Each structure stands twice: as C-alpha cells, then as structure tokens.
Amino acid sequence: MIKALRVDERLIHGQIAMVWSRELTLDGIVVANDATAQNETQQMALKMAVPSGIKVIIKSTDDAIKLLQDPRADKMKLFVLVRTIEDALKLAEALPNIDYVNIGNVGKAVEAKKTTLSQFVMLTDAEITALKALVKVYPETALQNLPSDKKELASDLIQKLGL
Amino acid sequence: MRRFIVASHGDLAKGMASTIDLFARDQKNITYISAYAKGDLDLDQQLDAALAAIQTEDTAIIFTDIKGGSVNQKIAVKVMDRANIFVIAGFNLPMIMEAILATTPIDQAYVTKLITVGQQAIEQVKVAAPDPKLNDDDSFLN
Chain A
520 MIKALRVDER
530 LIHGQIAMVW
540 SRELTLDGIV
550 VANDATAQNE
560 TQQMALKMAV
570 PSGIKVIIKS
580 TDDAIKLLQD
590 PRADKMKLFV
600 LVRTIEDALK
610 LAEALPNIDY
620 VNIGNVGKAV
630 EAKKTTLSQF
640 VMLTDAEITA
650 LKALVKVYPE
660 TALQNLPSDK
670 KELASDLIQK
680 LGL
Chain B
11 MRRFIVASHG
21 DLAKGMASTI
31 DLFARDQKNI
41 TYISAYAKGD
51 LDLDQQLDAA
61 LAAIQTEDTA
71 IIFTDIKGGS
81 VNQKIAVKVM
91 DRANIFVIAG
101 FNLPMIMEAI
111 LATTPIDQAY
121 VTKLITVGQQ
131 AIEQVKVAAP
141 DPKLNDDDSF
151 LN
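Protein chains in written order, with our numbering: chain A, 520 to 682; chain B, 11 to 152.
Be a bit skeptical, because a hint or two may be false.
[Claimed, not checked] PhoX-like cross-link-like pairs, simulated, lysine-lysine; straight-line CA separation at most 20 Å:
| hint | chain 1 | residue 1 | chain 2 | residue 2 |
| --- | --- | --- | --- | --- |
| 1 | B | K136 | A | K566 |
| 2 | B | K38 | A | K669 |
| 3 | A | K633 | A | K566 |
| 4 | A | K655 | A | K679 |
| 5 | A | K585 | A | K596 |
| 6 | B | K77 | B | K24 |
Quick caveat, the hints were computed from the structure, so don't treat them as lab data.
Predicted, not measured: the structure shown is a model, and the values here were computed from it.
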C-alpha cells in the first residue's frame, strides 16, 4: 500500500531519512523520477541516504507506476517520492490506492516566476495547473513539510489565494 | 517530561537550534545555551535558569560540545547530585535527533544506547556502485 506520495524536489534527504520514514514505519521507498532513473551517480547518492532496513528502488515514472500496480506492492508499506507536481499528478491518475498525497519541498530549485503557497512550496503557473488537477483526483492532497506540521489542504490554499 | 539542553562554546548550540528546526519544529522541551557568545548572558545565569526549569519528576539529557571544556565542567558539577539529569559530551546531530524524536523514557540504559547511536553515526562515506539487481521489481517486491 502507498502510505504516502510526496512531492519533494530533494527526493530522499534528511527529513525523509530521519523523520518521515520513522513516522510512516516503512518497508520501502520508491523514487519515481525520469532523470534520476537515467543517472547512476545521483542514484548512488540517494541510496546512501536510505536508513538501514528500508528497501529503495529508483524508477522512471512509467516504470514506478508498473511496479506500484503489482499486487505484491499492496502488501508493503511504501513511501513514493516524486520531484514535481506534474509527476505526482501522473502517478495519482494511474494509482487509485494512495493513502496520502503530500506536498513537501517544491520550488527552491526552480528559476521562474513562482507563486508562494508556503515557506516550502513555491509553484510556477504550470505547477498550479497541475495542482488543481491533482486536487480533483485526490481532494485530501495537503501541504505538510514534516509529520509534526499541520496539514494544509491544497484545495483550501488554491481557494484562499484565488489561484 | 523528557527535557534536553544543548550547550556549547560559542554559537554551535544556536546553530543546532536552527538545524533541528528543519527536522522537528517547535520543540518546547529543548534549551540551547551558547556560552561566551557575544550578547549572551553570563554562562552561570543561563545554566542556572535552564537547570531550574527541570523538575524532579522530569528526566533530562544535557548535550555538551566537548568533555574538556569549561561548559561541560560547569554543568557536570551543577548536576552531580541530580539523578534525573544525564550529561553527554561530544554531541552530534544524529544523536540529538534520535533523542528528540524518540519517546523512550530517559534512564541510564537509554543514555548508553544514545551514545552508541551517536558513535555509529560517525562513519567514512564511500559511494558504492549500484548493483543493478537491487533495482529490479522482483528484488524490491519480495
């Protein structure tokens, strides 16, 4: 089962390794990112960050969807990481069984005109369009940086900011 | 209540506060003491205030930066008669994170375990070439 699908441009990093994986008690982490699936060096660095006892696999978004549709994936507690809202939307549309769609860290690495949704989430116009579509598929999609932070529904922010 | 103090020479403790905030926000049970830093109160005053906040029903760990330092010496002497307060010298981030995120009661056994966590977190880093077998669906799903 997919305990959470998180959008995080840093993919696996300190907050994931130390905080989220502890909170979710995971069997495995699935990184779904086309560029990383092609980049061995980045894969090596990401795998180093995974806590011992947790499996990790790095796939293109298409291959990650195939993996997550395998019935055996249902028996594992999985945390799926994507880098962009667009990728989250692609997975969300293909996978009906995601417990929680989470927006973590987005926008610090992007140089473009952005709208600030929170301290950790700044989105381009294209990402806002994707977020609106994502909220239609998973209405409970929420911004939450750490498990101890309050969940802020993306749909509430879209309304509040008039996006 | 589980309580923690992080104490250092200079601003290392303040820096730790800023780092911890990225991983565990709004921790009300941690006090950071930067000794001899510009603009800060006298160390004894800071320490006495922090120690006075630890009640007899609390348990506490004080992390100091280095055993031989005056910060550690002062603390060790001030808490020598307080069985509910433990002092660990030579802190690191993984050790403090573990202490903050856990809910395990603080006792001698826990303090010993925490020191092991901190020691094991110090390791040489070598990037390993990926084993392609480890990235196939079957080995992940089984």
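Against the structure, the hints:
Under the criterion of a C-alpha separation no larger than 20 Å, the hint pairing K136 of chain B with K566 of chain A is consistent with the structure, at around 12 Å. A threshold of 20 Å between alpha carbons decides the hint, and for K38 of chain B with K669 of chain A the separation of about 16 Å falls inside it, so the pair holds. Simply put, K633 of chain A and K566 of chain A have alpha-carbon atoms about 31 Å apart, too far for the 20 Å limit, and the pair is violated. Using a Cα cut-off of 20 Å, the hinted pair K655 of chain A and K679 of chain A holds, with the two alpha carbons roughly 17 Å apart.
Between K585 of chain A and K596 of chain A, the direct Cα distance comes to roughly 17 Å. Compliance with the 20 Å bound is thereby established for this hinted pair. Annotation: proposed proximity of K77 of chain B to K24 of chain B holds, straight-line Cα distance about 19 Å (limit 20 Å).
The structure is inconsistent with hint 3 alone, although it conforms to all the rest.
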